[in-house]
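A.B. asks: Here is how the chains run, residue by residue.
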Amino acid sequence: MGVNKPIKVLWDIPREERFAPGHSMCQGCGAAITMRHLAKIMDKNTIIAMGTGCVEVTTTLFPRTSWRNPWIHLAFENTAAVASGVEAALKALSRKKIIDDSRRIKVVAIAGDGGTFDIGLQSLSGMLERRHNVMYVVYDNEAYMNTGIQRSSATPYGAWTTTTPIGTKLRGKPQPKKDIITIALAHGIPYIATANIAYPVDMVEKFRKAYEVDGPSLVHVYSPCTPGWRIRNEHTIEVARLAVQTGVWVQLEIIEGEPRVTIKVPRRKHVRHYLRIQGRFRHLTDSDIETIQKMVDEYVEKINKWVGEEAIGPVVE
Amino acid sequence: MSLAQVVERKVERIAATGNHAAAYATREVDIDVAAIYPITPQVQIAEKIAEMVANGELDAEIIPVESEHSAMSAVVAASAVGARAFTATSSQGLELMHEILYIASSLRQPVVMALATRALSAPINIWNDYGDVISMRDTGWIILFSETVQEVYDNIIQAYRIAEHPDVLLPVAVTLDGYILSHTIEPLELVTREEALKFAFKRPRGYRPVLDPDDPITIGPLAAPNWYYEIKRQQIEAIRNAGRVVREVGREYGKIFGRTYDLLEPYMIDDAKIVIISLGATASLVKAAVNRLRKQGEKVGMVKIRLYRPFPAEDLIKVIEDVDAVGVLDRAVVYGSPTEGPLFNDIAVTLATRGIHKLLVSFVHGLGGRDIFVNDVIAMYKKIKRFAEEGRSPEKTVFFGVKGEEV
Ligand SMILES: Cc1ncc(C[n+]2csc(CCOP(=O)(O)OP(=O)(O)O)c2C)c(N)n1
Ligand code: SF4
Ligand SMILES: [Mg+2]
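Those protein sequence lines, which keep their order, are chains A and B. Per our numbering, the very first residue in the first sequence carries number 1; after that it's consecutive. Per our numbering, the very first residue in the second sequence carries number 1; after that it's consecutive.
Everything labelled a hint here was simulated from the structure, so no lab data went into it. Some clues are possibly wrong.
Here are the simulated PhoX-like pairs of lysine-lysine, each with C-alpha atoms no more than 20 Å apart in a straight line [as the list claims (entries may be wrong)]: (1) A:Lys96 <-> B:Lys202; (2) B:Lys295 <-> B:Lys383; (3) A:Lys97 <-> B:Lys198; (4) B:Lys287 <-> B:Lys383; (5) A:Lys97 <-> B:Lys202; (6) B:Lys273 <-> B:Lys255; (7) B:Lys198 <-> A:Lys96; (8) B:Lys299 <-> B:Lys383.
Now the in silico label distances, taken between C-beta atoms and shown as ranges [as the list claims (entries may be wrong)]: (9) B:Glu230 <-> A:Asn233: 29 to 39 Å; (10) B:Val349 <-> A:Thr147: 33 to 43 Å; (11) A:Thr147 <-> B:Thr184: 46 to 56 Å; (12) B:Arg208 <-> A:Ile255: 36 to 46 Å; (13) B:Asp371 <-> A:Gln122: 50 to 60 Å; (14) B:Pro187 <-> A:Arg95: 32 to 42 Å; (15) A:Gly215 <-> B:Phe373: 54 to 64 Å; (16) B:Asp371 <-> A:Asp100: 52 to 62 Å; (17) B:Glu57 <-> A:Leu185: 33 to 43 Å; (18) B:Pro38 <-> A:Gln175: 33 to 43 Å; (19) A:Leu185 <-> B:Glu248: 49 to 59 Å.
Bear in mind that the values here come from a model prediction, so they are computed numbers and not experimental data. Glycine residues also receive a C-beta, built at the ideal position from the N, C-alpha and C atoms.
Could you build the full structure based on these sequences and the hints that come with them?
C.D. replies: Structure follows, in structure tokens:
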């Protein structure tokens, strides 16, 4: 099933497209790139459960669909519960030989950050705790985009959204981003990773491993949103790469609780480079940027300590 | 099948609560997936299913979900794979499911749910009324009320046959009055698994669209204004026509197992001048009251509505055509309605749209588990009779049995 040899170079990424073109995602949409690459590691024996959000509405406008696999959507907050139901049904029907029991059918759950970090957190926790054999992918565009750019608990500190506007008293989101990886880790699941569309080989390899795992796995994918982040369409990959190069986003893989950094950054760039090309951070002053730099420094220090090496180096200009 | 054949069936009789009867029915029809979550007074259904799976009596996947919202989501999804799925709930649990109830019926998934009826918060109250089931009235589910423990069991077995019928493909809720049926031990005649599966047979996978890797489909897409309305229209047609299937299934059940079910059940109706209409276990009390009143020479009858949704309007008209006055007993309220009894409102509309004029009295009773007794039903009957003598229908619902309010 799936892709059974490791993805080491670009050429290893399957050419087959299981995610059909013709959808209505924005030009430069990071989530679209995420979906296309995610679909590449699936084969026909994959059933997809998706939560309400940008990807769902842009890929399934009746009577058309972008999905070449069986696909189901019920609502916003229950993607993990839907995936649990699909998985349990497959188990029961295979055991009763209604479905060929030699066939391994994998369930992949896909939801946005709002559908995962916020409203879907309970159902995600339930699914992980019950140990369903489901690969869960959260495409993180750091806000509720489908409803028009409202803050979520995945929105980073200082970012503009329509519900964290730039006023005289409040300027952007006052709280930092929620750490979903630690939450997933607390469930003791076998495979957790962060991935980023600017590093497709790394990303697809993580998808592949998460898919192969027998049990729950979670991949958290950094997926820039052009209108939501107020970035140019051609800057999607640039912003995604800068997130890694500045240490704002660290490429992690946690197998059975053992963490490692898959894309090491010996010399970090200053966070200013990342913030300055995004309209959502336009209002930040130099001192705001220094505050954010300190937050990133602390995060990097924490990660390095956790993985037991200096995987992410100091800021070198 | 002749009566002799019916009698020849070897039947096992046991004593069981409504909750256990519901669980046994799921065993008989060999459910594949059950999502379970505790809430009073339904919880013994979940416990019994877990026990039967643990003992190998039932081969099903149990999903011990973290909420009822997930329970409903998971069974809809399991059903979309082609599994026979079941869940049970009450009151607050049903309210938490509410969003997904509409999705279950709109996605045409033949899920079956047992609902041990219970009052809604606030104030929090664990006792019986129909506030919960009435709140799912408009969600597109087929709703069957049960009067006895035996009916709970029989209804659940029939529910799968109805839900999975190709002309229906809708979810079915089967009620059991909280405590009054859920916790009361009554005699129960069992149906063997072989018999149940012959009756509520499992159709070949793929007879309805399911999530199948060999034939991939997209379930639950976005529908814009150019399609939404047509999709809804089909759903409306499906539930409208479900009554026919409910009737056929109930008749066939009677032929095989000796207990025939219809959409409603008239009692002592032939020469009745006044009829009392009710739902669920309340009907047993009404029956007892009718018996007593008949002994006193009163021309009274009753109708028990078994199929609450789709509402059996035509059947009802046929049986109450000749009566003068109709009293309706509601164990739930629809706040702010012109009259607050939900069943009453259905009946008033049924009559009005057919140009039939009858004296109508709406009673609400027994909210939050307030007991009513046979004497109370007799008091309500007398009230209807008084209105009938005065020749006028009261404009407002009568709230029976409220402290400090005279009826
Ligand atoms: C219960 C419920 N609340 C709110 C909504 C409205 N809603 C639909 S999509 C969405 C935002 C989704 O955000 P996210 O999960 O981050 O996905 P994105 O749109 O950003 O891709 C919201 C708030 C809904 N559909 N259901
Ligand atoms: S709004 Fe953002 S996430 Fe949504 S389709 Fe457009 S770019 Fe993608
Ligand atoms: Mg989002």
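A.B. asks: Given a hint of 33 to 43 Å, does the C-beta separation of valine 349 of chain B and threonine 147 of chain A actually sit inside it?
C.D. replies: Cβ of valine 349 of chain B to Cβ of threonine 147 of chain A: about 38 Å, so the range 33 to 43 Å holds.
A.B. asks: Take the C-alpha atoms of lysine 299 of chain B and lysine 383 of chain B, compute the straight-line distance between them, and say whether it is at most 20 Å.
C.D. replies: Distance of about 14 Å is within 20 Å: holds.
A.B. asks: Verify the proposed pairing of lysine 97 of chain A with lysine 202 of chain B, using a straight-line Cα cut of 20 Å.
C.D. replies: OK: lysine 97 of chain A and lysine 202 of chain B at ~13 Å, within 20 Å.
A.B. asks: Go ahead and decide if the range 33 to 43 Å is satisfied by the Cβ distance of proline 38 of chain B to glutamine 175 of chain A.
C.D. replies: Taking Cβ atoms as reference, proline 38 of chain B and glutamine 175 of chain A lie about 35 Å apart, which means the hint holds.
A.B. asks: When you check the alpha-carbon spacing of lysine 96 of chain A and lysine 202 of chain B, does it fall within 20 Å?
C.D. replies: OK: lysine 96 of chain A and lysine 202 of chain B at ~12 Å, within 20 Å.
A.B. asks: Is 52 to 62 Å right for how far apart the beta carbons of aspartate 371 of chain B and aspartate 100 of chain A are?
C.D. replies: holds, 55 Å
A.B. asks: Falls inside 36 to 46 Å, the C-beta gap from arginine 208 of chain B to isoleucine 255 of chain A?
C.D. replies: Taking Cβ atoms as reference, arginine 208 of chain B and isoleucine 255 of chain A lie about 41 Å apart, which means the hint holds.
A.B. asks: Given the proposed pairing of lysine 295 of chain B with lysine 383 of chain B, does the C-alpha separation stay at or below 20 Å?
C.D. replies: Between lysine 295 of chain B and lysine 383 of chain B the Cα gap is close to 18 Å, so the pair holds against 20 Å.
A.B. asks: Would the hint linking lysine 97 of chain A and lysine 198 of chain B be met if the CA-CA limit is 20 Å?
C.D. replies: holds, 19 Å
A.B. asks: Keeping to a limit of 20 Å between CA atoms, is the pair of lysine 287 of chain B and lysine 383 of chain B held or broken?
C.D. replies: Given that 20 Å is the threshold and the Cα spacing comes to 17 Å, the pair holds.
A.B. asks: Should the hint that leucine 185 of chain A and glutamate 248 of chain B are 49 to 59 Å apart at their CB atoms be regarded as holding?
C.D. replies: holds, 55 Å
A.B. asks: Has the given pair, lysine 273 of chain B with lysine 255 of chain B, been kept, meaning a C-alpha gap of at most 20 Å?
C.D. replies: violated, 33 Å
In terms of the numbered hints stated before, the structure departs from hints 6, 13, listed from lowest to highest.
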